[in-house]
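4 protein chains.
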Amino acid sequence: MNVLIYNEFVHEKDPDQKAAKVYPNGIHTAIADFLNREPDINASTVTLDNVSEGITKEVLAQTDVLLWWGHMRHDDVPDEVAALVQEAVLNGMGAVFLHSAHKSKPFMRLMGTDCSLIWRESDDMERIWVSAPYHPVAAGLDRFFELPAEETYGEPFGIPTPDETVFIGWFTGGEVFRAGCAWQRGWGKVFYFQPGHESYPTYFDPNVQKVIRNTVRWAKPACRREDCMDCPCLPKAHKGNL
Amino acid sequence: MNVLIYNEFVHEKDPDQKAAKVYPNGIHTAIADFLNREPDINASTVTLDNVSEGITKEVLAQTDVLLWWGHMRHDDVPDEVAALVQEAVLNGMGAVFLHSAHKSKPFMRLMGTDCSLIWRESDDMERIWVSAPYHPVAAGLDRFFELPAEETYGEPFGIPTPDETVFIGWFTGGEVFRAGCAWQRGWGKVFYFQPGHESYPTYFDPNVQKVIRNTVRWAKPACRREDCMDCPCLPKAHKGNL
Amino acid sequence: MNVLIYNEFVHEKDPDQKAAKVYPNGIHTAIADFLNREPDINASTVTLDNVSEGITKEVLAQTDVLLWWGHMRHDDVPDEVAALVQEAVLNGMGAVFLHSAHKSKPFMRLMGTDCSLIWRESDDMERIWVSAPYHPVAAGLDRFFELPAEETYGEPFGIPTPDETVFIGWFTGGEVFRAGCAWQRGWGKVFYFQPGHESYPTYFDPNVQKVIRNTVRWAKPACRREDCMDCPCLPKAHKGNL
Amino acid sequence: MNVLIYNEFVHEKDPDQKAAKVYPNGIHTAIADFLNREPDINASTVTLDNVSEGITKEVLAQTDVLLWWGHMRHDDVPDEVAALVQEAVLNGMGAVFLHSAHKSKPFMRLMGTDCSLIWRESDDMERIWVSAPYHPVAAGLDRFFELPAEETYGEPFGIPTPDETVFIGWFTGGEVFRAGCAWQRGWGKVFYFQPGHESYPTYFDPNVQKVIRNTVRWAKPACRREDCMDCPCLPKAHKGNL
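Residue numbers (the working numbering), protein chains in the order written: chain Y, 1 to 242; chain X, 1 to 242; chain H, 1 to 242; chain C, 1 to 242.
Any given hint might turn out to be false.
To be verified - Label pairs and their computed distance ranges (CB to CB): (1) 50/Y x 54/X: 38 to 48 Å; (2) 18/Y x 54/X: 13 to 23 Å; (3) 37/H x 33/X: 41 to 51 Å; (4) 232/C x 54/X: 53 to 63 Å; (5) 140/C x 50/Y: 34 to 44 Å; (6) 229/X x 125/H: 25 to 35 Å; (7) 229/X x 61/Y: 37 to 47 Å; (8) 36/H x 136/X: 25 to 35 Å; (9) 50/Y x 229/X: 28 to 38 Å; (10) 140/C x 14/X: 37 to 47 Å.
Everything labelled a hint here was simulated from the structure, so no lab data went into it. All C-beta atoms, glycine included, are put in the ideal place defined by N, C-alpha and C.
Required output: the full structure, derived from the provided sequences and hints.
Structure (structure tokens):
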């Protein structure tokens with residue numbers, strides 16, 4: 001399966017930010033590295049610098065699942081790219097939005113809501129509970145797993161009620177957050193997964209990697225919609241004539 | 001309560017179209033007329049001609065529920081207006097999308113999907129079944145009601161799974177359609193109601209009028225969100241300090 | 001509106017248990033007391049001792065909303081009573097299940113699942129976050145409220161995905177829990193509200209009382225189903241003949 | 001995968017009923033026959049006559065998906081058997097309820113509602129529309145398929161809102177019905193599929209067979225819950241100690 005990882009890749013290039021030390025080659029590279037160790041996954045990457053060339057209708061047609069990480073530069077992603085991503089999801093491509101991508105253009109377009117939350121950077125420990133242990137995304141996890149430090153995200157999370165809430169996060173500072181949420185949108189599966197602040201080595205965590213591997217396989221389309229007409233006018237149907 | 005009815009008002013001004021005879025003063029006027037007979041409802045109207053002046057942040061702040069009818073000229077509604085409507089819904093305003101408004105900008109923004117359907121103009125009779133008889137929108141209806149002629153709409157309807165499917169339509173031509181669908185989006189209630197083709201006197205039908213009255217009252221916000229900050233950064237919380 | 005409060009009333013009569021000091025007249029009396037201060041609410045009570053006489057078809061037909069507290073003696077509630085409660089909910093009565101009532105017969109019948117959870121008695125403080133601030137049950141609350149000590153409940157909670165998750169609880173011991181969950185079942189509204197261990201003065205807490213007042217009003221039926229036939233055989237329908 | 005097909009097998013043994021001619025060996029045999037043609041499926045059957053010996057905890061533990069057909073003799077299925085089926089589903093077994101099994105004990109226990117509907121035997125043609133074309137259960141189907149004659153079922157269907165409504169049926173007599181509905185219950189997947197009246201050769205229809213093959217594969221558990229404790233009391237958790 002083909003996985004495409006978008007990362008704006010801004011924090012990590014700023015030597016004054018922790019991210020430069022934690023992810024010297026960028027978050028996208030860290031994720032691609034552990035995904036490419038899987039025999040069934042072929043992961044490639046794209047960053048803001050070449051987003052318009054890297055995320056095209058043709059590329060998305062070959063992409064089973066798109067992962068998206070963005071934070072500072074959501075607005076610099078062209079509307080056209082966000083529209084292509086939305087369209088590809090509706091046609092069946094899986095999409096996984098990571099951490100601060102809750103405010104990315106394609107996620108907000110797919111949700112239709114403000115996707116607001118409360119937050120704080122204070123090195124809280126996060127304990128992520130599995131609230132839907134039967135869900136494929138949670139396969140192989142214990143009751144919970146912990147991240148020694150994460151950015152705190154808290155409710156209310158301004159999203160449509162998820163089809164399934166797979167994870168709920170607990171923070172030492174006193175917050176809770178629906179940390180893993182699944183939606184069907186058109187033919188495509190959408191997942192939001194909260195951990196992944198750029199200052200912490202979250203994407204090197206074995207449990208986080210397990211979740212991302214699970215999610216990517218869950219979001220892979222069984223089939224895609226092709227050459228579909230929008231709002232077709234159909235004659236009175238009789239058996240066999242469609 | 002204040003209800004604002006948007007109608008693009010294009011078909012009805014074209015003397016070559018049936019709509020000019022059925023709704024000589026426009027669909028918006030027909031709807032406003034029966035709503036204004038209710039002591040608790042104050043209905044006003046706006047059309048495409050003055051949409052930018054008529055649908056402003058200030059107007060929407062005073063609007064409890066917005067009804068929307070559009071068909072030919074969805075694209076001529078400015079993106080800014082669609083964004084204002086979306087924002088108002090997320091802050092609590094109710095919104096009711098009628099018939100071909102399934103492809104209107106504000107509805108598509110709130111859904112995040114393509115809102116596609118199949119359709120045909122062939123004077124089919126429609127029988128609208130109540131699938132959620134307990135829902136306030138269905139109050140006072142029998143098991144079903146009929147419209148002697150309606151435009152045929154059919155599944156699949158490209159929407160996120162509704163929170164509740166209140167009506168399912170049956171057409172003599174052989175189609176079915178989720179004719180009444182409810183969603184919560186942010187603080188606001190959203191309803192889609194399928195009947196209402198411009199060539200038929202649907203909005204004069206007593207049952208359709210009953211549904212619209214019910215829907216408007218159901219969608220009225222109990223409270224609205226005001227001056228809320230998007231994604232506020234909050235300190236570690238202690239009781240009483242928020 | 002008529003509210004009926006069921007409490008098994010076992011813990012509070014045992015002088016060796018804290019509950020006897022916290023609720024000397026029983027949890028039901030504590031709840032009835034603050035509800036009966038409301039001009040629109042007429043609250044009465046029933047306990048396990050007279051559950052078969054106190055919860056009859058006739059009584060439930062006059063009850064708008066039933067509150068249910070049980071823990072030690074779920075099994076002693078007759079199946080017939082649980083069946084009557086379930087039937088009344090399906091016909092429109094609201095039902096609010098409190099704390100350990102997650103394992104009560106009527107709640108389990110309405111859910112169809114095992115309603116399992118994890119738990120611990122260790123005097124954890126609980127902070128209850130509002131995850132659906134627009135919901136009538138959360139009206140008048142701040143972002144969260146705290147209970148100095150509660151029994152710890154944790155995920156996974158073995159319930160069908162709620163229609164809406166209004167509250168999520170955070171416990172000092174490290175657990176999270178969907179503390180307020182809403183479902184439609186038949187014509188009736190069902191709510192589960194987690195706080196309320198018998199050893200703590202939870203039902204004297206102003207925020208808990210506010211939630212219960214809100215919930216009772218939200219769950220009040222707008223209409224009830226009466227004399228309905230189960231699975232009626234209907235002739236081919238023609239307009240007006242139903 | 002192991003599929004177990006329960007059929008009460010009453011109609012087909014009555015020489016005065018059409019079913020005896022349509023399904024001389026019983027509906028269960030007809031279904032087992034086409035499923036056993038699949039290399040990945042091992043289908044066996046059980047009938048009311050030996051339901052207590054045929055549906056045990058041990059048998060269900062080896063069953064991936066259970067299909068259930070019943071009509072006249074729902075009440076003769078022991079409560080113990082229905083409880084075992086419910087428990088097995090909550091632990092991960094898939095369950096598919098066919099046609100009149102909407103009133104079977106295990107389905108009603110899993111739903112928690114009355115599962116009422118309207119019905120009529122009048123040889124209506126049914127056209128079954130795919131409302132969720134992306135769903136695995138609909139794979140390989142056209143927009144709709146038709147059954148020349150089926151028992152008419154109609155809304156309202158007294159079920160909890162399905163997680164997904166995959167099919168909606170249209171009947172020549174004027175009814176509509178949510179003909180394919182999916183729910184998650186505990187760790188198990190549940191599907192209701194409406195066609196299958198005993199008087200018609202529905203289970204010989206190629207599209208119906210395709211749906212049942214799809215459904216069985218969709219409902220197959222990826223994993224099962226084993227030896228789980230109900231409501232475990234857990235100590236304060238620290239990383240790694242669960």
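Cross-check of the supplied hints:
1. At roughly 43 Å, the beta-carbon separation of residue 50/Y and residue 54/X lies within the given 38 to 48 Å, and the hint holds.
2. For the pair residue 18/Y and residue 54/X, the beta carbons lie near 50 Å from each other, so the given range of 13 to 23 Å is not met.
3. Between residue 37/H and residue 33/X the Cβ separation comes to about 45 Å, which falls inside the hinted range of 41 to 51 Å.
4. Taken as a hint, the range 53 to 63 Å holds for the pair residue 232/C and residue 54/X, whose Cβ atoms sit roughly 60 Å apart.
5. The hinted range of 34 to 44 Å is satisfied by residue 140/C and residue 50/Y, whose Cβ atoms lie roughly 39 Å apart.
6. Judged by the Cβ atoms, the range 25 to 35 Å given for residue 229/X and residue 125/H holds: they are separated by roughly 27 Å.
7. Between residue 229/X and residue 61/Y the C-beta distance comes to about 39 Å, which sits within the given range of 37 to 47 Å.
8. Under the hint 25 to 35 Å, the C-beta atoms of residue 36/H and residue 136/X, about 28 Å apart, fit the expected range.
9. Checked against the hint of 28 to 38 Å, the C-beta distance between residue 50/Y and residue 229/X comes to roughly 34 Å, which is consistent with it.
10. For the pair residue 140/C and residue 14/X, the beta carbons lie near 45 Å from each other, so the given range of 37 to 47 Å is met.
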